[in-house]
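S.K.: Starting from the known structure of chain V, fit chain G onto it as the hints suggest.
Protein sequence lines correspond, in order, to chains V and G.
All the letters of the first sequence, read from the start, carry residue numbers 1 to 113 under my numbering.
All the letters of the second sequence, read from the start, carry residue numbers 1 to 114 under my numbering.
The following residues of chain V were derived to be distant from chain G, with all beta-carbon distances above 12 Å:
hint	residue
1	Arg15
2	Val19
3	Arg22
4	Ser27
5	Gly28
6	Pro61
7	Arg63
8	Phe69
9	Glu75
10	Leu83
11	Ser86
In silico DSS-like pairs for lysine-lysine, Cα to Cα no more than 30 Å straight-line:
hint	chain 1	residue 1	chain 2	residue 2
12	V	Lys13	G	Lys42
13	G	Lys71	G	Lys58
14	G	Lys42	G	Lys58
15	V	Lys13	G	Lys106
16	G	Lys71	G	Lys106
17	G	Lys57	G	Lys106
Looking from chain G toward chain V, a few residues come up when the C-beta cut is under 8 Å (computed):
hint	residue
18	Phe89
19	Leu102
20	Lys106
21	Gly107
None of these hints come from the bench; they were simulated from the model.
Since the model is a prediction, treat every value here as computed from it, not as a measurement.
Beta carbons are placed, not taken as given, at the ideal position from N, Cα and C, and that holds for glycine.
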Amino acid sequence: ETGVTQSPTHLIKTRGQQVTLRCSSQSGHNTVSWYQQALGQGPQFIFQYYREEENGRGNFPPRFSGLQFPNYSSELNVNALELDDSALYLCASSLAGGFYEQYFGPGTRLTVT
Amino acid sequence: QQQVKQSPQSLIVQKGGIPIINCAYENTAFDYFPWYQQFPGKGPALLIAIRPDVSEKKEGRFTISFNKSAKQFSLHIMDSQPGDSATYFCAASNSGGSNYKLTFGKGTLLTVNP
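One chain only, chain V, in its complex shape (with noise of 0.2 Å):
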């Protein structure tokens, strides 16, 4: 069984650029939510994506935009990067549907200079 695999690691943007991450779900996992964890803090929920289609949104604005392919693997796009981005964006997995917990990536660190 293979668990959340997240690329890439680290990355260093400008203010104003855009940035793709992506994740790919554990084997048999058909959800995938995305987190943004500042330094310190816990993670906060960006947004979920189940049967490619957004299911749920947190507290972000509309430059954070996602998509999630047949395969189930996502992609998390930031538009017009700004400093507070600056954080560690963390992918989960997890079975759609009532109590099924979720599983998460190492996480990619992002830096917005």
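M.R.: Relative to the frame of chain V, chain G by itself:
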């Protein structure tokens, strides 16, 4: 509005001690309460989770105690070891919602001294 409040912010114990981390929630619709362990530079790892139909759950050295009327739950680590030194997060979610987003506490940095 912080829906899950976690305390303490940091905790130092000696090896073999029993650190206790507490969380309180506001949303009565929450019905799933996991705890995650996170080491520096890593993603959170699911430790143990509880649902409100039980008051206690044990898995190895980790125990969750749950008080539904007080809307509180806590993590106890028995016989703590230096390898348990990490940041611990409580979380909560609502299975009746359209998605099962996790709402996290702010975390507790645990240090277990040898």
